[in-house]
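Protein sequences appear in the order of chains A and B. First residue of the first sequence? That's 1 in our numbering, and the numbers climb one at a time after it. First residue of the second sequence? That's 1 in our numbering, and the numbers climb one at a time after it.
Because the hints were derived from the structure by calculation, they are not lab data.
List time: in silico BS3-like cross-link candidates among lysine-lysine, alpha-carbon distance up to 30 Å:
id : chain 1 : residue 1 : chain 2 : residue 2
1  : B       : 100       : B       : 3
2  : B       : 3         : A       : 89
3  : B       : 3         : B       : 89
4  : B       : 89        : A       : 3
5  : A       : 3         : A       : 100
6  : A       : 89        : A       : 100
All of these numbers come straight from a predicted model, not from anything done at the bench.
Number of protein chains: 2
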Amino acid sequence: MSKILGVIGGMGPAATVDFLAKLQAATPAARDQDHVRVLMDMNPQVPDRNTGGEAGPVLGEMAVRLRDAGAQVLAMPCNTAHAYAPDIKVAGLPFIDMIKTAGEAASAAGAARPGVLGTPSALALYRGRLASMGLEPVLLHPETQARFMELLYRIKGGDLTVGGEMAALAGALIDDGADAVIAGCTEVPLVIGAQDVAVPLIDATEALARRCVEACLA
Amino acid sequence: MSKILGVIGGMGPAATVDFLAKLQAATPAARDQDHVRVLMDMNPQVPDRNTGGEAGPVLGEMAVRLRDAGAQVLAMPCNTAHAYAPDIKVAGLPFIDMIKTAGEAASAAGAARPGVLGTPSALALYRGRLASMGLEPVLLHPETQARFMELLYRIKGGDLTVGGEMAALAGALIDDGADAVIAGCTEVPLVIGAQDVAVPLIDATEALARRCVEACLA
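In isolation and in its complexed conformation, chain A is listed as follows (with noise of 0.2 Å):
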């Protein structure tokens, strides 16, 4: 019998169901029985992330009564939120960190210096998980940085036209030397996809659900 993976969701809703359909993408299924068993809490009412809300309680009662429904494992699809793992880790399970997923699956793509886009608290978490792993992260301008949160909110608003714009993004961190771009933030994905970026785009929810999948099914 595989584990129960506690998802800890919302952050957004779309990003959540993007990761579900990585989650079962990266399962070896033949029939309905053969997939993993996920308690979710998809809460859109964390507290925003980006603007100082106190996010940190939420998402530790989330674990709890995640944990307390029965989830042996649990993950969390938004690298913003990752900010409160320490908030998490207290309902005493098993953590997927999705940065240190990200970065692992960067390197292994033979990356040394890696792109990351991703909100300021995102990239202070890359920032250090990349140092510590050897890599020398490329961030963007604080200009570009701007425009990124910009078509962040856009897309959480439902606008998906914004791959272009996104993608130009992916497209400075390469001229700056980016050899590998991570989407670092769970809307990235829902707009733009390996084939729009020139060097190997590194999906940081298709990492974290790959991972999640070998965690429970080991």
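Put chain B on the given structure of chain A with help from the hints.
Here is chain B on its own, set in the frame of chain A:
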């Protein structure tokens, strides 16, 4: 604050993801926080509903688990499993009936003789529900019904290339007088859409999603 929706899912997993996407599409939302909070138990290990598995007790446990975790309204994106609705209602929460909702959507679309694509268990439920509404269901003949079940298990196994064959079954219902076709199995809308059917296609998954949004945001 919206009500928390509890989703009894995993039958199959891809159909549950389709339901969640339709739930979000049906929600008037400009930002994450406008969406409905969802607690979900995606349990692909529910015994197979089509081969006499003892699904009732498992579904009842899932309903209680969701209630105890905080769900206030329950829904289950699987037509066939509605045969076990009494087991779910033991949890004491409002349960949004997918068969009833789809029947009402067919009636609202002006159908008098809706065809239904579904499993034998689901068809039994639809026959009773549609008759009680004064509608005359049109069903597949035994040999085409057997073909439907083959397609269903291919979709559950991940084969999404059977849209043409599924559309042909919808065409067979139209040939027999159906003035609408109810996609009365959650795998059906994974492979065909309104554009594939010459009469109105009633997507039971989408109808359920819309009703859930109404119930939770009311």
